[in-house]
Structures are given as structure tokens and as C-alpha cells.
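Colleague: Residues per chain, in single letters:
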Amino acid sequence: MAEKLMKYADATKKYDVVFGLETHVELCTKTKLFCPAEVSFGGEPNTQLTPVSLGLPGSLPVVNKTAVDYAIKLGLALHCEIAEWSQFARKNYFYPDMPRDYQISQYDKPTNGNGYLDVELEDGTVFRVPIERAHIEDDAGKNTHVGGADGRIEGADHSLVDYNRAGVPLIEIVTKPIEGAGDRAPEIAGAYMRAIRDIVRALGISHARMEQGNMRADVNVSLRPSADAPYGTRSETKNVNSFRGIEKTIQYEIRRQAARLDEGKEILQETRHWDEASQTTAGGRLKSDADDYRYFPDPDLVMLHITKEHIAEMEAQMPEMPRERRNRLKAEWGLTDLQLRDILNADALDLIEETVKAGATAGGARKWWLGELSREANAKGVSLEELPVTPADVAEVEKLIADGKLNDKLAKQTIAGVLAGEGTPDEVVKKHGYKIVEDSGAIEAAVDAAFEANPDVVEKLKSGNMKPMGVIIGAVMKATRGQADAKAVTKIVREKLQ
Amino acid sequence: MTEATNELVKLSAAEMAAAVKKGDVSSRELVDAHLAVIEAAEPSIKAFLKVSGDVAREQADAFDAKSADEKAALPELAGVPIAIKDMIVTKGIETTAASKILEGWIPPYDATVIEKLKAAGMPILGKTNLDEFAQGSSTEHSAYQTTHNPWDTERVPGGSGGGSASAVAAFEAPLALGTDTGGSIRQPGALTGTVGVKPTYGGVSRFGAIAMASSLDQIGPVTRTVLDSALLQEIIGGNDRRDSTSIPEGPRPMAAAAREGAKRDLKGMKVGLVKELGGDGFQPGVEARFNEAVRKLQDMGAEVVEVSCPHFEYALGAYYIIMPSEVSSNLARYDGMRYGLRVMPPAGVPQTAANMMAYTREAGFGDEVKRRIILGTYALSAGYYDAWYGSAQKVRTLIIEDFRKAFEQVDVLVSPTSPSTAFKFGEKMDDPLAMYMNDIATIPANLAGVPAMSIPAGLSDDGLPVGFQFIAPQQRDEVMYKPAAALEAALEEDWNGPIWQDLKAPWLDGLAK
Amino acid sequence: MPTFTREEIVHLGDLARIALTDEEITRLQGELNVIADSINKVQEVASDDVAPTANPVPLEAYLRPDEPVTPLTQAEALAGGPKTEAGMFVAPRILGSEE
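Protein chains in written order, with full-length UniProt numbering: chain D, 1 to 498; chain W, 1 to 513; chain R, 1 to 99.
The shape of chain D in the complex, shown without the other chains (with noise of 0.2 angstroms):
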């Protein structure tokens, strides 16, 4: 059934909104968080488990240093207070996917506590998110359902259990709850998942890649009557998977939570599920009893300590920060603020950056990333990252056009036939074998043909109308394949008319 929703503008003239973002983040360490059982993306299920991993009688947690070390890292990036002494606790509930039937992570003594994240909005607004805590977990196994349709829990006859993904450690953000952003929640929302996703990959903890689950949140959203009314109830939307998603589940609860209340009806405290197919959130399960979590803490696992040495180690590890890296690159390259925002929204700074590295001007990298590629990724509904060509690819062929090896239009083969698989550019230049033709004896020839073929733009051009000039260098290029040099072409062609 449909619920009811109120105009986007409506409700947000009407409704302050609060809202607040849980994100997970998991970890690219080499082992799991409490073992070290091998962690990697893809494998035979059940293949990346130690004793511990799979729950087994006996077994027990001991904490991964560089899960630590990197916690450290993302405490220090989003200004929080990192703990001297903080704790694991047991947050115990059954599900077929936890191996212990309790997860590891923080309670009320979590590692990193009380920080902000400034996040830029897109016509330059800098709003400041406040962070609760960034916490260390495990996460749980994953589950296949068999027998319903299209793979869904609903209606599905069995599960099946693989154990690989549990125990690989998470930090889990929260946010306090957000106030103040109105009707620009969901452009903040994306901005600070954006900032977020930034972060872990400059710091070098997570792949952060959302279409592999390598980062997701639950989005709380309440609204009440005016700023200085208490919190109203909020709905929680479990394990949003795209920055699209967030930002449309919370216009999403925005309009409905509006229409329910202007209706007298209360907002249930439950948790829902975004519905990418229909664009809605959708109900889930009432708050209740059943999650009384009992937490506890591990003691399995004794306080963990993080002196001042430490913090100062990883300090002096700490890499450049998304926005400043923006601005010096911003800066370096000479782009105006509209320039950076079309790199920034096509997702190729980095990209960019590297092709840069790899010799390009950064015109022409951005030229590449934001053309003929930007092209092929959105034809192909694929990210820029995710196109089999690499910035030294793009480096190679700018290399071959500066060296007048290549024109733009052998460039824009050869770049195909990259992405065709056919290899590295120089193995494609070869395999094709492109060229521009500099022999003037060939040009010469095809220039005398295509005057042949052409008198009346003979006429023209000897009489001073240099119009149709395009007309002879067109049939020339065709005879020679497009192998010949444009500029070339034009001289032989003046000289011939003189």
C-alpha cells in the first residue's frame, strides 16, 4: 500500500528535520579484526575462517594492530577525541550469520568519541556534521537465500551460510543528530557520505567501495514541529547502499513522516529498508524488547590501551586531506571551481591525478576522463574506475600525440582499442598500425587526387576562397586512412596552389 506523502517543499517549510547517518566502513586489512584467518574479496565460501572466525568451541578473540592503527587514522581525520583506554563489548543477538550468535564491538567505551566532519556543499556552503563516536566491530557472515524469487529473504525456502566476510572489521560512524540543514538534509547527507568515502581512501583503510558492500548506513530521520521542539520519534533505514539512495531515503521519509504527522498519526519507532525499485522505504520491524542487545563487556578481551607514542605515530602517517588535496590540485592545474566540480562529479580526481603522474598535462588527462571516457563509463553504466584503461594508458597516448606519433583521431582509435582488450596502447598502435603519414611523396598523391576529383574546389581555392578547404583534406585523410598529418596535408595543398 502506498503511503501518503507530503510535497518535499511543503514539508520541510512546515517540519524541521533532524537526521543522523550510521556509515560502516570496512577495513582493508590483510586479516580479520579478531584473527588471522586472510581476507579477501571473491574466494571459495567458507575458505578465509580460523577456528575463531567460524565460532568454534575454544576459540578466542585477539585484537588486529592494524585494525587499531587505522581507527587511530580515521580518528584523527574526522577531530575526535581518541580514548587512552576503550573497550570491547558483546552485543548479543541470534542470527544464522554470526558465528558466535554475538557480535565484538564498543560500547559505552568506544576508541574514537566527540569529532565533526566539515563537508562542502556544491555551491561552496562548508557545513560542519558533528560525529558521536567512530567505533571498531566485526562483521557477520553473508547469507544466500535459496528458492524465493530473485534471491530475496522473502519467501525464500533456505539459507546458505558463508563465513568468509565475518570477523573483518568495520568502524562504524555515527553522527549526532544532525540539525539545522532543512530542506538541504539530503544534499548534506550525500556530501558527508561523499567526504566520507574520500577519507578512508586517502587514508588508505578501506576500499570504500559501496557496490561491494565495502560501505553502507542506517539512516535515522525525525522531524518535529520547530527548532527548539524536542526530537520527534525517528524511523531508521537499515543498510543504504548508494549516496543516491541515502539522499533519496531521507527526501523519501522527509515527505512521509510530514504526511503522517499532518495527519495526527504517529511516527512508529521501527526499522525500514530502502526499496531501490520502487523509490520508497518500506516497514520493517518495530523497536522492541527483542533488542535488548545485552551488551556486556568481551572478557574474552581485556581494555585496550592507546598511549600518546601511538597517536603520534600514526599522526606522522597521516596523508593530505581530501579538501586540501582539492584546493592544491585545484591550484596546480589552474581549474576554475566549475572545472573541479566536473572532475569531482564524475568521481576523477584521483584518476586524474594519477594520469598527471604518469606524465600527462592535466589538460589533457581531464580532457580524456571528462570526454571520450566519461562517455564510454556512462554508455556502459560502469564507473570511470571500473573501464579496463588505466591513467598510464591515457598517459601513453598523450605521450604518442605530443611525440606526433598520433593524431586525435588515431588517438581515439588506439584509446578504443584499449578498452576493446586489445592491449596497451603501444601494442594496439602496432597491432593496427598507426601512423601518421609523413611521406609527402603519398600525401602529394592523394593531394593530386582529390584536386582531380575536385576542380570546381580548385577553382575556389585558387581564386582566394579558402572555404572549402576541408572538402580536399577530407578525401585526403580518407585515402590515407587518417594516417596523415593534418598540418602536413594543408601545406602540400598550398603549395600545390600556388
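Be careful, since some hints might not be right.
Straight-line C-alpha distance at most 20 angstroms; calculated PhoX-like pairs for lysine-lysine [as the list claims (entries may be wrong)]:
1) D:405 to D:380
2) W:100 to R:83
3) R:83 to D:142
4) D:435 to D:409
Just so you know, these hints were derived from the structure itself, not from any lab.
Got chain D; can you put chains W and R on it based on the hints?
Modeller: Then chains W and R, alone, in the frame of chain D:
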């Protein structure tokens, strides 16, 4: 072999090791002798859930085949066989924690202590019975069988480690491992006339010990002599990077302390009688043997004073909050998914994963385990956490503080191990609270993580063994070994031999060859 | 002082995922009330100025180097499973009419 089986198995483990070293007996002969006793004794004792004879013989043969140099590099007890409480994970040998829910589980890994025993060349005779998941004080809560006390087979051997204690008392094994969460090594030790030691928390790795209550559990030795316990604890102890609660320091010099104690000179040692661990609820026969033993300590030069640990009266309450809380979480993993039992719901009940888990756990756990899981679930639940779990954690602090103050005054504390001698089967099964009282004197040491041990103090008026408990400061386990060995030597002089000379062991009669 | 109602025991059984029988519920109610009485006195001395102790030996966490070890084989991992299929553990359907 120079001795008949029934004489050989009565040697202490240290004596057996010496005989092996001299070449008088092989490890294989020791294993065969004990397997013969097991075969003869089990019908009346029922200490073992699983006898791993083939594994033991193989290990013994591998040890015997070693060169003299290789043998010399091994610990003193090398070649001597051992029995393992079935709460400890053994690769390739069925491990059940005496629960139906783990029936048939063959672990793919060894506990750290098992790795250490194997490295020490100590053959594993089998897995001993216990109260299900070590929860109980009589071994009657085993899902498989009831273990009998060798001193009176109508009576319980104590618990939870009744299997290990009875096996060692009945000469089925010279040594065993137990686990002690609230007294599960020491109380059966007291009831069977054996020596049982709970080391300092973190002194022996818990990796591979099936968890009951993680902040209280500790693996320790079960033996017939104090020296044997010291030697065994030195082998199984030490830091383990797979256990986050393992203390970084290595084992203390316990065997040296035991040998020093055997000289029976306790001059300069201050012994504290814990005022709160005695009197009401302690059998007169138990108190009598205890008081006589205290006089022996004085006779050897120890200064005995009374100390008060005022918060001990809250120990049982704190224990019965903390322990079940941890139990409720530690036993969650037995859900029918990855190992052990699975029971589908009956017809008419939705055949869901949640119901499968609920029916599996209903069928797989016994009454006592369920009782503790429900109690622990309650203690941790929202709204009660602070009043119960939170308060219990504070009591724990107060008990640690009591010990700290006591050890400012004395070197070692003493008390009876158990308020009573072995009781009859069924006597306390319907009264959980009465059963819980068995651990009144042993629980404080678990809450505070301090080392404690029980040694035989003689027989009560009913002819059953009485246990005498020593408690030492944290990470100073050797401190209790010295007076324990001294008392053992003094008492044996009085008795003209070890306590077990009074044990009628008819199962040995046929083995006098 | 806590007293256990029948409903509470049923609820605790749900939380602990144990399908208690009616008879068990009745018995547990009686037993737990007796036990609760005896342990409730811990609150007498648990004043605000006493710090809680979670672990008896004061230790700080050892941080393990991030180096992989040989994992269990799939066969070892699955060996104890009551029901397996295609290298995975089988769970009955997760959603049901009671959800």
C-alpha cells in the same frame, strides 16, 4: 617393566617420569598399564567419556623412539600419560563438554595446553566426564553418565571436574587437566582426596578451553601429589598470544617451591586463616581435619593469624550474576548452524532458523545449563544490568581489595576447600542453592583471579577425604606450593604413607601381574 | 527485589533462544526467585564510589600483527555442520510467520 601394573600406577607422576628416565619403564608401558586400569575401573567409576587408547599408544611409541638427547630436552614429566577434562579441545578426538549439543564434534584444532602436552611427549589417555559445560558441583549434570567417587561409589566425586578427579584418584591416570571457574578443580580434588590447582587467572592459556565464564575460567592440574601439580603447571603455563587474557610473564618456579616445601621448614612464613571461610555450614569433620592441618603448619614454623575478608559474604551472589551472564553469551554459539546438534521445530511450528535454534537449544542443553542461561540473560538485560551485573562487578573490586589487604598481612591464606565431604547421588539435585553452596570457599579466588589449590587433609569421621585450600597472591603461584608440599609431607608422615593407601581399589586387584 | 513472573521467563527464553516447555517455565520461575533472593544482596555494597572490575588481572590488550596464517580448509570448516550444501552451511528460512 619391573613392577606389577597395580603397583606401577600408584607411583606419583614424578616417580613414573624418573623410572622412564632410568629406562625401567617405557612410556608405552605406562600407557598400557593405565589403559588396563581404565578398562578394569570404568564399569564402577565412569570417569571417562572417551578413551583415546590408540592415540595414546601412538604418542607413547613416538616418545619412546626419541633419542636420549631429544628426551633430555623435554620437561621432567615427559613420557607420562595424562587425562583431559572434556571441556578442553583436542584435535581429532571427540570433544563434547558433556553436552548433547556437542555430541559427535571432532575439533579441527588443539587447545594450547594440548599442544604443550604433545610437545612435552605426554600421551593423552582420553577425555574425562564433567557437569555439562562445567556447570555443577557433582558431575551429575553430565548429559552422558554419572561419575562415581572411588572412595565410595555411592557418592559424587564433586564437580564439575569429577571425571578428572576420579580418574586420578582411581589410578586410571597419574595426571589430569581440569578447568576451574568457581572451584571445579579444587572441590572435586577435596572430595576425592587428590590435589587440584587453579592457577592465577591468565597463567595458563584458555585458548581451546571451551568457555563457561571467560573472566573466571582457568585450566589447571589434577594430580595425586603437590610436586606433580607443580611440574604439570610449569608445562602448561606461560604466555600465549592467542589468548588476550594471558599474562605476559612465564610460569613461576613452582616445582622448586614444592621441593623446598618438602623440607618441612616454614619458619618466617605467615599464614592467614580466613575468618569468613569456616564455621556455619562447614561439617565438623571437615573443620576438625582443617584445624589439625593448621597446627601442622604451625609446628613447621609458620606463624598463623586470623584475617578478615569482609566482602567474601557477597562473593557467592556476585559469582551467580557474573558467571551466568558470561555463560548466557558464551553458550549462544550452540545454535545448530556450524557444529553439533540440530533439531527442527515440531510440525505446526514455523520451520524458521530462529525456531530451529530455539528447539535445538531446548533439546541440547540440560536443566542446569538452561537455568544459568536464563538467569544470565536476565542479569544482562536492559533495566537490570546496573542493579545486577554492574553491582556484581563492583563486588568483584571489593573482593580483590580484601585479598590485597590480606596479603599485606600474610604470605598465604588457608581455608577448608569445601564445606562438606562427598555427598550421595541426587542429594542436592533438586536444590540448586544447596548445590551452589559447595563452592562458597572456592569462588573468591576465581573472582579475584588469584591462584589457589586444594590438597588432601585426611579423612573425615565418615571416612571420606577432606580438602585443605591454600590461596596465594596474583602471579605468585609458587608461594602456595611451598606450604602445600610441606603440609603434604607432614601429614603423610602421620599417616605412614599417602592418603590413598586407605582407598580400597578393587579394580586393581586383577592387575597384580 | 526482582521477582520473576511467568511472562518474564517466557520472554527470557525468547531472548536466549530456548523453546522452554510449560513445565520448565514453572520450575524456573520458582528456582530463579529463590536464587534471585540470595544474590540480590550484592547491591548492598555496590556503592557509586566502587569501580567495576571486568577482568581480574590488570592487562592491556596485546595487539596482534596483521599477518595471515593458514586457514581451515573448507572441508575442516564444514565437517561439524549439521547441514551443508555447495560449500556452505544451510540455515532454515530466516523469515517466518512469527516475524
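Colleague: Indicate, hint by hint, whether the structure satisfies it.
Modeller: Here is what the structure says about each hint:
no.	hint	verdict
1	D:405 to D:380	30 angstroms, violated
2	W:100 to R:83	17 angstroms, holds
3	R:83 to D:142	16 angstroms, holds
4	D:435 to D:409	11 angstroms, holds
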